[in-house]
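One letter stands for each residue in the lines below.
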Amino acid sequence: MLEVSEIKEIEDILANYIVKKDVVKPNRPAFYIDANNIRDVIALLKQRLGDEAIYISNIVGVDKVSDGVIEVNYFIHLIPFSNTIVIKTSIPRDNPKIPSIIDLLPGAYSGECETYDLLGVEFMGNKYLRRGFFVPTDVTSKNIFPLRKDVKV
Amino acid sequence: MESEAAEKATSLIKIPITLEIPIGPQHPAIHEPVLLKVYADGEEVVGVDIGTGYNHRGVEKLLENNTFYKDKFITSRICGICNTVHENCFVRAVEYISGMEPSARARYLRVLVMELERIHSHMLINAIMAEIIGFDTLFMYIMRDRELVMKAKEIVSGGRVLAEFHMFGGVRRDIDDVKKEKILDILKKLEPRLKYYRRLFEEDPTITKRLMEIGILRPRDVVSHGMVGPILRGSGVKSDVRAEDRYDAYNEVPFNVIVKGEGDSLARMLVRWDEALESLEMCRYILEHLPSGSAVVDERKLPRVFPAGESFARVEAPRGELTYYIQHIKGDKPYRVKVRTPSFNNIINSGFSYLRHSIADVPVILVSYDPCISCMERAIVVDLKNGTEKKVTFRDIAMGKVRLR
Chain H
1 MLEVSEIKEI EDILANYIVK KDVVKPNRPA FYIDANNIRD VIALLKQRLG
51 DEAIYISNIV GVDKVSDGVI EVNYFIHLIP FSNTIVIKTS IPRDNPKIPS
101 IIDLLPGAYS GECETYDLLG VEFMGNKYLR RGFFVPTDVT SKNIFPLRKD
151 VKV
Chain G
1001 MESEAAEKAT SLIKIPITLE IPIGPQHPAI HEPVLLKVYA DGEEVVGVDI
1051 GTGYNHRGVE KLLENNTFYK DKFITSRICG ICNTVHENCF VRAVEYISGM
1101 EPSARARYLR VLVMELERIH SHMLINAIMA EIIGFDTLFM YIMRDRELVM
1151 KAKEIVSGGR VLAEFHMFGG VRRDIDDVKK EKILDILKKL EPRLKYYRRL
1201 FEEDPTITKR LMEIGILRPR DVVSHGMVGP ILRGSGVKSD VRAEDRYDAY
1251 NEVPFNVIVK GEGDSLARML VRWDEALESL EMCRYILEHL PSGSAVVDER
1301 KLPRVFPAGE SFARVEAPRG ELTYYIQHIK GDKPYRVKVR TPSFNNIINS
1351 GFSYLRHSIA DVPVILVSYD PCISCMERAI VVDLKNGTEK KVTFRDIAMG
1401 KVRLR
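Just so you know, the protein sequences line up as chains H and G, in that order.
Heads up, the final residue of the first sequence is numbered 153 in the working numbering, and it's a clean run with no missing numbers.
Heads up, the final residue of the second sequence is numbered 1405 in the working numbering, and it's a clean run with no missing numbers.
Mixed in with the good hints there might be a few duds.
As the list claims (entries may be wrong) - Sample of chain G residues facing chain H (criterion: CB under 8 Å; computed from the structure):
id: 1; residue: Y1096
id: 2; residue: E1244
id: 3; residue: K1260
Claimed, not checked - Examples of chain G residues toward chain H, derived with CB under 8 Å:
id: 4; residue: P1205
id: 5; residue: T1208
id: 6; residue: V1223
id: 7; residue: Q1327
id: 8; residue: K1330
id: 9; residue: R1336
id: 10; residue: F1344
id: 11; residue: I1348
If you're looking for bench data, these hints aren't it; they were derived computationally from the structure.
All C-beta atoms in this analysis are idealised placements derived from N, C-alpha and C, irrespective of residue type, glycine included.
Build out the structure end to end from the sequences listed, making use of the hints.
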């Protein structure tokens, strides 16, 4: 569980990038940042906490039709702090592009490929993105992304 | 002389240095069909492509379209081996949103059933490892003793495999003193068997020769590739969700986090055996210290609609960290559910770990996939006059079936 001082330490590291703060239940600190800064944020966390201290636990895309955006949430696990923090970004739904972090954290491969295949988020710089990573060909041939809310599968 | 011969030559035999060896996608002993295209230079693995998508069932979409109560039963069907950790993680994610608190007895019983599951899952993986390295009898012995744990799980939950034990705010069944004694009796029979198998894996010269120093992973690589569970702990990184999040009764039940620094296949298997023994002690502690009170919730009184919110639950599944992310806006159905299973990271991101090993070591490294290697070897005959290529087997060249002009 993160102590108050530890949350403060992470906030200090990311001070220049945090737009808004929140908490994902039960106790995961969430930081909203600009999507274009995601690489800087991950590189900074890696540099300050060390290579063996952070791993990417999850990349979650959420299609927010009413807001016209797709949320891309990065769940980063901090091993020394024994907790996961959430880096939240949102990108326009009609042009869903975000820089890839695969070269900084190779563990992002599975999450980025899955999010592209199911939601159509393009991770710029990831050369492994392909349709059919998970989605069967009868769905990909219609050029639809099954986890989008306006799609009937 | 050589240059003269080269000028007069009309044909050239090119032997490609890379062989493509498909492992999967179909094999009886793996849970998810997955294809590993292994590229080998001679015996050495030089590249691995991991092909997925053979068994994607669209569970996340299904969860979004069903109510929380139906979802609870869908989540436990995601994985047969570790179904209780899936339902535990989903149920806790919903409890975080709704603010429900299970009773102390329910929290202990949840841990009991999850730890029984860990024992039988670790026994299964070790049995498959024994089979892969040629110990078929050992495989059968471990599977026979695994039945004891399945029986214990059945006594607690009513289901030998699929437990359906959890419910929002508690559990669905309770145990009495007769059941408690039966399970303690089973654990008493099981303990010497686990200790025997652990000693076998540690001391048997054939097993250690086959597993030791195979598939060594540095802590730095394991962490950067997001690999979790016994793989992480087998490489000396102390990270266990049970110790980090202390969910359910893990803040009250004593246990040790098993860590081994060697990082090879043997270390990972021994981490599993040690964890199984640790789980056995935890089960015993739970049965002896089970709090009184009620554990079963009255399902008729549970809310149909949950408040809006976001939650991220983690659980230590037998294979590592399993996570559920729920975003709920209104009504009786979740807006978004993201399930990230440990194998999602461990298998898909593992391509780097086979490089520079020999083909014969791939099955050992891939123990949880259960491999099946089919090999093809061929040469390419190039007609230098018209530049055409023809693929032939080495056997045909040796038998004189291919005319080289």
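Evaluated hints:
no., hint, in the structure
1, Y1096, "4 Å, holds"
2, E1244, "4 Å, holds"
3, K1260, "16 Å, violated"
4, P1205, "33 Å, violated"
5, T1208, "28 Å, violated"
6, V1223, "5 Å, holds"
7, Q1327, "6 Å, holds"
8, K1330, "12 Å, violated"
9, R1336, "5 Å, holds"
10, F1344, "6 Å, holds"
11, I1348, "4 Å, holds"
Checked against the numbered hints given earlier, this structure breaks hints 3, 4, 5, 8; the rest are met.
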